[in-house]
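Student: Okay, here's what each chain looks like letter by letter:
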Amino acid sequence: MIRAAGLSKSYGSTRAVDDLSFEVRPGVVTGFLGPNGSGKSTTMRLILGLDRPDAGSVTLDGRRFHDLRWPLREVGALLEAKALHPGRSAYNHLLSLAQTNAIPRSRVDQVLDIVGLTEVAGRKAGKYSLGMSQRLGIASALLGDPRVLLFDEPINGLDPEGILWVRTMLKSLAGEGRTVFVSSHLMSEMALTATDLVVIGRGRLIADTSVDDFISSHTEATVLVRSPDPDRLAAVLESSGALVVRHDDASLSVQKLTPDRIGDAAFSAGIPLHELSPQQASLEEVFMDLTSDAVDFHGSTGTEPVT
Amino acid sequence: MTVTASTLSAPESGRAGWTQGVRSEWTKLRSVRSTWVSVVIIVVAGVGLSALVSNIEAGRWTTLGLVDRAQFDPVRFSQTGVFISQFVVGVLGALVITSEYSTGSIRTTLSAVPHRTTVLAAKAVVVGVVILVLSEVTAFLSFFVGQLVLTAHGGRGLPSNASILSQVRSPTIPVVSITDPGALRAVFLCGVYLTLLSLIAFGIGFALRHTAGAISLFVGVLLVIPLIIQIFPASIADPIERFLPSNLGLAMIEVGTRKTDFAGVLLTPWAATGVLAVYATVVVTVGGLLLVRRDA
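Just so you know, the protein sequences line up as chains A and B, in that order. The numbering used here puts the first sequence at residues 1 to 307. The numbering used here puts the second sequence at residues 1 to 296.
Chain B extracted, bound-state conformation (with noise of 0.2 Å):
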């Protein structure tokens, strides 16, 4: 029996770094079956509830009050996935470093390669670059289904510098169009949301290494602090609220700054993006200096 390689020489320069990193941790996302899964839930869920909510609402435009009117939102429409999409991204963005806990691979992983601020940079490109190929492109089909729909019921494009009162007086429902104002950055600041949240989600998988731990975290965020704020008096929650993860994400897809339903006024959508980008920094920075600490 002969186990020697005929054919390996070590490279002369270099080390295991994070180019070789990112082509390992590509191939472990993609042969592993949740990751298709995810996938599939994003872009049905994306462009399906695109077609669903617009079908839904353009039956409703002729019935609409002055304020309704004044708030259909075709472009808010379309990206009705989000809200599912949101925790789908999450747990793909936990799972790719708590199913190396769970499974104990990550021990084969760190012996690899010794740098484990390397490992982290390596698989958050690898998230970050899916995630956000695959939230963008599933927004603009999203985008561009919803329009049709709201196209087939007989709905017309305003002129795009049309002020919103002439929304509320259009006899036909508003249709979009990319080129209007906010239309292509609220679209594409959707996946963008999806990505910095997927990211968020990966930091807190390192932190926590426990997949159902970090979930459960990640959900919190999203969903259960935003009513824990809400028991607070406005004078309290309404500087918060828009600091949630969540309103900031309807901040950078809302095509206009207006007062929503139940939150304060929202921040504009670039400065949302911003503070949520410092979030996952945050987040991020903290699982990759719990690694280095950490025994594995």
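With the rest of the complex left out, here is chain A (with noise of 0.2 Å):
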């Protein structure tokens, strides 16, 4: 368990995180979404004790990060997979990382193999791929065994095969009850792999909920009407309580009527109907929504202007 209660933290006159609030649950994959620069690796280094608060505190199962007596034991993270020396072999890496924590080279050996390096570990870390990096990152946040564990950006650089790898290697040990907190601002990734989200912008608490919550709470059902009649359709059902977009294709965006209510409206008033489909928002969309006015950069095409 994870719980942050008004984490604040201001580098300079920028405020990278907000009053930050949350809770993260074992036994199920967290994910922690926002768009770049939106505070997450701040609020990641300030649950480690790297960054010391401005205001407010963050616990693991209870107890500050300062007050753990074997640190690695019960708390492992990815934070940058290349964040290491680029000289050192891999087992050489992970042995000096296991050996602050009192943590025998058998393990060390153990989650080489988890990870599948057992055959490079003898190789220079430097002379990694950024996919084999990121299995050694993940290696050394499992060195201790620990009940939280934290990623950030743990699919960063990896192949499908690798994604699928991770996504699983998320669940099982989120399914071994252990508290498992990963960033990511690939929504479409964390839509597959989370239960729970917490959700931010500009160092901001957007959402603390569950996957499921989170899209429907935040979505308006809408259904995609097609029809050789629009106009004389659009007026039946705003009639009947709908709320109409027109497209320039002559199609029909309508929100507040189910697909079965536009039907027998449409049926009844005797307007033939070419398409009848409902639109599921993705997750991805549900958060552009929501953190659009939350970005501190936008690029310059396809994105409208933001007010």
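Keep in mind the hints are simulated off the structure, nothing from the lab. Each residue gets a CB set at the ideal place from its N, CA and C atoms; glycine is no exception. Treat the hints loosely; a few may be bogus.
[To be verified] FRET-style restraints, in silico, Cβ to Cβ:
1) Ser-21(A) / Trp-270(B): 58 to 64 Å
2) Pro-233(B) / Asp-54(A): 49 to 55 Å
3) Gly-175(A) / Val-137(B): 53 to 59 Å
4) Pro-104(A) / Val-219(B): 38 to 44 Å
5) Gly-213(B) / Ser-57(A): 31 to 37 Å
6) Ile-56(B) / Gly-12(A): 55 to 61 Å
7) Ser-216(A) / Thr-19(B): 51 to 57 Å
[Unchecked claim] Among chain A residues calculated to face chain B with C-beta under 10 Å, some are:
8) Pro-71
9) Gly-87
10) Leu-143
With the hints as a guide, dock the two chains, each given alone in a separate frame, to form the complex.
Tutor: Below, the structure is given as structure tokens:
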């Protein structure tokens, strides 16, 4: 269990994390979502005691990081995969880390085996691909067999096979009753992996909920309707209380009416329908909508100016 | 897939402390190539320059005037390598921490050991002990090689209580025995000098967190400050010069306390050692305070 209460952190005049409170429960994968620069990595650093919060506190299973006697045995973290000495072998990297917490050598061999790096453990870590570095980072997080695991963007740089491997790994770690907190800016990935979500934008909490609730509570069910007589159909539907948006290609987006009611209304008015399809908003779209005003930097193509 | 450790049970007592830290830091130090390159440079420069300089000086003995003969110091010739090693141990001391900042691995280190002074202490112990052992071995090796070279040129040892006058009058090149007054101390303090210098660079590394910056400052303290001080008139420069790290080093290695060509009278060897130790303590303490206060 990770519990953050009123966390705030500024760097100079930039407020990276602003009065952030949330809970991450054990047993499920919790996604930590936010656009780039929204404060995810800062929050991770605050949890690990690397940076000192200006206000608020964060506890791991009820204790502050600085009070942990054997930190690696309580919390494992993958922060930056490439944050290691490029000239040191993966084995020695893990060994030096294990020794700080009196973890035996045999466990180093075990975690190398778990992440599939046994064969290349003697190679310099600097020669590793990003995908291999991610696996090494995950191995170091698992070293102390900890109850709490933090992963900052663990699937960056992984091939599809690697992504699937991480997804399975995260779920099985959570299945063993551990607390698994995974940051990502890829909403679609979190939709597949996470059960719970903590969503932030510009350092502020936007949502602390389950993935399912997050989607359903932030989307209005929309039905796409096509008809040879869109104007009359729109009038009929609006008179039944629907909210209708007309598109350039003569299709209609209808809200506040179920597909059944739309079909019935069209039938009784004698209007033919060529398409009647419910639109499921993806987590991606919900997220974009929610955080669009909380993004610091926008690309100049494809997106409308934010008001 | 199972990731649970079958063999891992947490120790009942204790915490991630400095004995574990020392083990870890030793693994880190021995597992990068820069360490071994430094070791080779220190040993080769130490022994090689000792042989070379002793050989040159031996050839000059018969042509030397009285003053030069009085300043003929076989111990100092044998420790010429220090002028190179002092930069190598500085780089090594600084890299131990700045390489962690440049790669970002400091965050991994600090998330495994939450008490930052423990990290600093473990690193300081490993750097200090490794460099002390290395430079003592090199210093004594260099000493004996240097004396062997002088002996090969026909050099002889003087009676151990011989005055500087009998050295000047000696027909043969004077060779120093490790049992001669001051010799053992001079050779031993040579290793201590290098160790304290590496700890100063180590402390600077913690304070600046950048390899290039830390090494520049370290080299500046050793080479540039002495030059700047020479601009000032002797009345100002002389009292300061003896407290410069490089002159403290000279004082520690010199067998007799005498006026050097360029500096005011040096401190006594042990006083110089004490002053340098104070410098190292201050710099490492400042580095430690910054480590504890700053975000990683």
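Student: Given the hint of 51 to 57 Å, check if Ser-216(A) and Thr-19(B) actually sit that far apart at their C-beta atoms.
Tutor: holds (54 Å)
Student: Okay, Gly-175(A) versus Val-137(B) on CB: inside 53 to 59 Å?
Tutor: Given about 55 Å between the Cβ atoms, the range holds.
Student: For the hint 55 to 61 Å, verify it against the beta carbon of Ile-56(B) and that of Gly-12(A).
Tutor: With Cβ atoms ~57 Å apart, the hint holds.
Student: When the nearest CB of chain B is found for Pro-71(A), is that gap smaller than 10 Å?
Tutor: holds (6 Å)
Student: Within 38 to 44 Å or not, the Cβ separation of Pro-104(A) and Val-219(B)?
Tutor: holds (42 Å)
Student: Assuming the hint says 31 to 37 Å, is it satisfied by the Cβ distance from Gly-213(B) to Ser-57(A) or not?
Tutor: Since the Cβ atoms of Gly-213(B) and Ser-57(A) sit about 34 Å apart, the hinted range of 31 to 37 Å holds.
Student: Is the hint on Gly-87(A) kept, meaning its closest Cβ partner in chain B is under 10 Å away?
Tutor: holds (5 Å)
Student: In this structure, is the beta-carbon distance linking Ser-21(A) and Trp-270(B) contained in 58 to 64 Å?
Tutor: holds (60 Å)
Student: The hint names Leu-143(A) as touching chain B; please verify it with the least Cβ-Cβ distance against 10 Å.
Tutor: holds (9 Å)
Student: With 49 to 55 Å as the target window, see if Pro-233(B) and Asp-54(A) comply at their CB atoms.
Tutor: The hint (49 to 55 Å, Cβ to Cβ) holds, given that Pro-233(B) and Asp-54(A) are roughly 51 Å apart.
In this structure, every one of the numbered hints holds.
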